[in-house]
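Required output: the full structure, derived from the provided sequences and hints.
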Amino acid sequence: MKRIKSEHENQISKTTVPITVTKNDDRWSIRYILLLTLAPLYLLAIIGGIVLALVMLSRYLISPSNYLLQQTIFILIMSSGVIIAIIVYIISVRHALKYVGMLRQNGYTRQANVGLIALAIVASILILPVILALFFH
Amino acid sequence: MARKPRSQRIVSGYLIISGLLAFLYISVSITIALAVTYRPPIPITTTPASLGLDYRDVTFLSREDHLLLRGWFIPGILPDGRLTVEQTVIQVHGTNNNRAMVLDIDASLARQGIAVLAFDSRGNGESAPAPSGGGYFEQRDILGAVDFLQTGPLPYPELGRPKAIGGWGISVGGAALIYAAAQEPAIKAIVIDSAYATMAEYIEPAFGPYFIFIPGTRFTEMMLYGVDYASVRPVDVIAKIAPRPIFLIQGAADTDILPSNMVELAAAASDVPGAHVQTWLVPHAHHIQAYKLVKNTYIDRLVTFFHTELSTESSTVSGK
Numbered sequence: 001m002k003r004i005k006s007e008h009e010n011q012i013s014k015t016t017v018p019i020t021v022t023k024n025d026d027r028w029s030i031r032y033i034l035l036l037t038l039a040p041l042y043l044l045a046i047i048g049g050i051v052l053a054l055v056m057l058s059r060y061l062i063s064p065s066n067y068l069l070q071q072t073i074f075i076l077i078m079s080s081g082v083i084i085a086i087i088v089y090i091i092s093v094r095h096a097l098k099y100v101g102m103l104r105q106n107g108y109t110r111q112a113n114v115g116l117i118a119l120a121i122v123a124s125i126l127i128l129p130v131i132l133a134l135f136f137h
Numbered sequence: 138m139a140r141k142p143r144s145q146r147i148v149s150g151y152l153i154i155s156g157l158l159a160f161l162y163i164s165v166s167i168t169i170a171l172a173v174t175y176r177p178p179i180p181i182t183t184t185p186a187s188l189g190l191d192y193r194d195v196t197f198l199s200r201e202d203h204l205l206l207r208g209w210f211i212p213g214i215l216p217d218g219r220l221t222v223e224q225t226v227i228q229v230h231g232t233n234n235n236r237a238m239v240l241d242i243d244a245s246l247a248r249q250g251i252a253v254l255a256f257d258s259r260g261n262g263e264s265a266p267a268p269s270g271g272g273y274f275e276q277r278d279i280l281g282a283v284d285f286l287q288t289g290p291l292p293y294p295e296l297g298r299p300k301a302i303g304g305w306g307i308s309v310g311g312a313a314l315i316y317a318a319a320q321e322p323a324i325k326a327i328v329i330d331s332a333y334a335t336m337a338e339y340i341e342p343a344f345g346p347y348f349i350f351i352p353g354t355r356f357t358e359m360m361l362y363g364v365d366y367a368s369v370r371p372v373d374v375i376a377k378i379a380p381r382p383i384f385l386i387q388g389a390a391d392t393d394i395l396p397s398n399m400v401e402l403a404a405a406a407s408d409v410p411g412a413h414v415q416t417w418l419v420p421h422a423h424h425i426q427a428y429k430l431v432k433n434t435y436i437d438r439l440v441t442f443f444h445t446e447l448s449t450e451s452s453t454v455s456g457k
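Taken in order, these protein sequences are the chains called R and D. Following my numbering, the numbering of the first sequence begins with 1 at its first residue and continues without gaps. Following my numbering, the numbering of the second sequence begins with 138 at its first residue and continues without gaps.
To be clear, the hints were calculated from the coordinates, so they are not data collected in a lab. Idealized CB from N, CA, C, for every residue including glycine. There may be inaccurate statements among the hints.
The following label-pair restraints were derived from C-beta to C-beta distances [stated by the list, open to error]:
no., chain 1, residue 1, chain 2, residue 2, range
1, R, L68, D, S164, 15 to 23 Å
2, R, I46, D, H423, 48 to 56 Å
3, D, S397, R, Y32, 53 to 61 Å
4, R, I121, D, V400, 44 to 52 Å
5, R, I46, D, P380, 52 to 60 Å
6, D, R176, R, I83, 22 to 30 Å
7, D, H423, R, I91, 50 to 58 Å
8, D, E338, R, L34, 44 to 52 Å
9, R, I50, D, D437, 53 to 61 Å
10, D, E341, R, I83, 23 to 31 Å
Quick look at the structure:
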């Protein structure tokens with residue numbers, strides 16, 4: 001009896017979930033998928049912006065005659081910025097890949113493909129400055 | 138656990154590789170930028186007294202950003218033994234060096250009656266720690282030296298103030314001197330030894346196979362110190378020095394700053410009416426080695442140039 005109920009529930013979920021979810025649940029919308037898969041990119045941009053703002057602030061607040069203090073603060077800001085950026089990148093990419101995998105498992109192939117394309121764009125934008133540096137230095 | 142589809146594995150690999158390369162690039166660029174702008178100063182191990190010269194320690198502030206700079210003021214010695222500051226030359230050393238770099242040449246100038254103000258540029262010797270701008274920030278140090286000579290508390294007050302100020306800059310110090318002289322008419326004549334025409338020509342070859350880090354380093358330096366080395370171009374301002382005389386010296390075997398730099402600088406400096414430019418390409422001389430290779434000729438030419446171009450009425454008193 002228990003087994004039959006369980007199979008019945010699965011059947012319901014397979015047939016009804018896609019319809020109800022696409023209509024009512026934002027988690028399966030293309031917009032949400034893009035927001036999640038492009039997260040590594042905009043989170044890195046936010047971190048970069050914060051690092052830049054902090055450097056500018058320390059340049060403004062600390063006199064050039066206090067150079068060694070300024071240099072120490074620069075090193076702290078830059079190194080912690082890079083470390084935080086690496087951690088944020090790893091977490092956001094792992095989360096996005098897990099989510100894309102979940103979409104595929106649930107049969108949302110189109111959404112999963114959009115997510116993968118977005119992640120490939122993230123990787124391309126990230127590597128672009130390095131490639132450009134090869135040719136325009 | 139289900140195996141991930143091929144497309145997902147490819148994208149995962151792409152994300153890992155691009156992330157690794159991007160963060161590696163950023164980290165190396167930051168490290169290079171921090172390393173090239175400041176190196177521990179080289180201590181000063183000698184003084185003009187070791188060469189039998191009278192001198193005083195002096196301190197003054199750079200113009201604009203008011204950094205504390207330290208140096209030696211060495212009065213010139215006339216043939217009769219009297220001291221003079223009538224013709225004073227500001228000596229500007231090269232990068233990662235100090236005021237003692239060419240002390241023996243300073244001594245020779247002093248013995249020929251030319252006073253010398255030799256000082257440590259920012260971040261060097263005993264002067265205040267500061268980032269190097271490859272000559273761009275250092276121009277403020279030279280302008281501070283001019284202010285000191287014109288209005289500062291000069292030692293040897295009995296000798297009065299210099300009647301004519303000249304400059305002698307070596308390598309990056311030469312680039313800084315070009316910038317300073319271009320905006321300060323009190324600098325009446327300059328000698329530039331082994332200066333670059335554009336900072337890019339000086340820095341970029343130094344990267345060698347690591348040239349890929351040039352844009353990253355440049356961006357980091359702009360962000361941290363507000364200097365874009367690609368825009369540091371003495372060749373663009375040297376024409377403003379005319380009609381004041383310029384003497385350009387360059388080692389023919391220099392591989393750090395190629396002789397073409399002197400050609401570019403000379404062409405730009407001569408490209409205005411009334412320009413007065415001399416050049417001297419020293420055969421077989423490597424970077425900033427001309428004064429070692431042909432020391433006596435070098436001193437003779439320097440002394441002749443400054444005596445001719447800085448000549449004014451005599452103003453001397455008895456020395457010790």
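Do the hints match the structure? See the list:
The hinted window of 15 to 23 Å between L68 of chain R and S164 of chain D holds, with their beta carbons roughly 22 Å apart. Checking the proposed 48 to 56 Å range against I46 of chain R and H423 of chain D shows it holds: the Cβ atoms sit about 49 Å from each other. For S397 of chain D and Y32 of chain R, the Cβ-Cβ distance of about 59 Å falls inside the hinted range of 53 to 61 Å, so the restraint holds. Separation of I121 of chain R from V400 of chain D is about 48 Å and conforms to the stated range, judged on CB atoms against 44 to 52 Å.
A C-beta distance of roughly 55 Å is found between I46 of chain R and P380 of chain D, which places it inside the suggested range of 52 to 60 Å. R176 of chain D and I83 of chain R have their C-beta atoms about 25 Å apart, which keeps the hinted 22 to 30 Å range intact. Our hint of 50 to 58 Å for H423 of chain D and I91 of chain R holds, since their Cβ atoms are close to 53 Å apart. In this structure the supplied range 44 to 52 Å holds for E338 of chain D paired with L34 of chain R, their Cβ-Cβ distance being about 46 Å.
Evaluation of the 53 to 61 Å hint for I50 of chain R and D437 of chain D yields a pass: the beta carbon distance comes to about 59 Å. Distance hint check: the CB atoms of E341 of chain D and I83 of chain R are about 30 Å apart, consistent with the given range 23 to 31 Å.
Violated hints for the displayed structure: none, as all numbered hints are satisfied.
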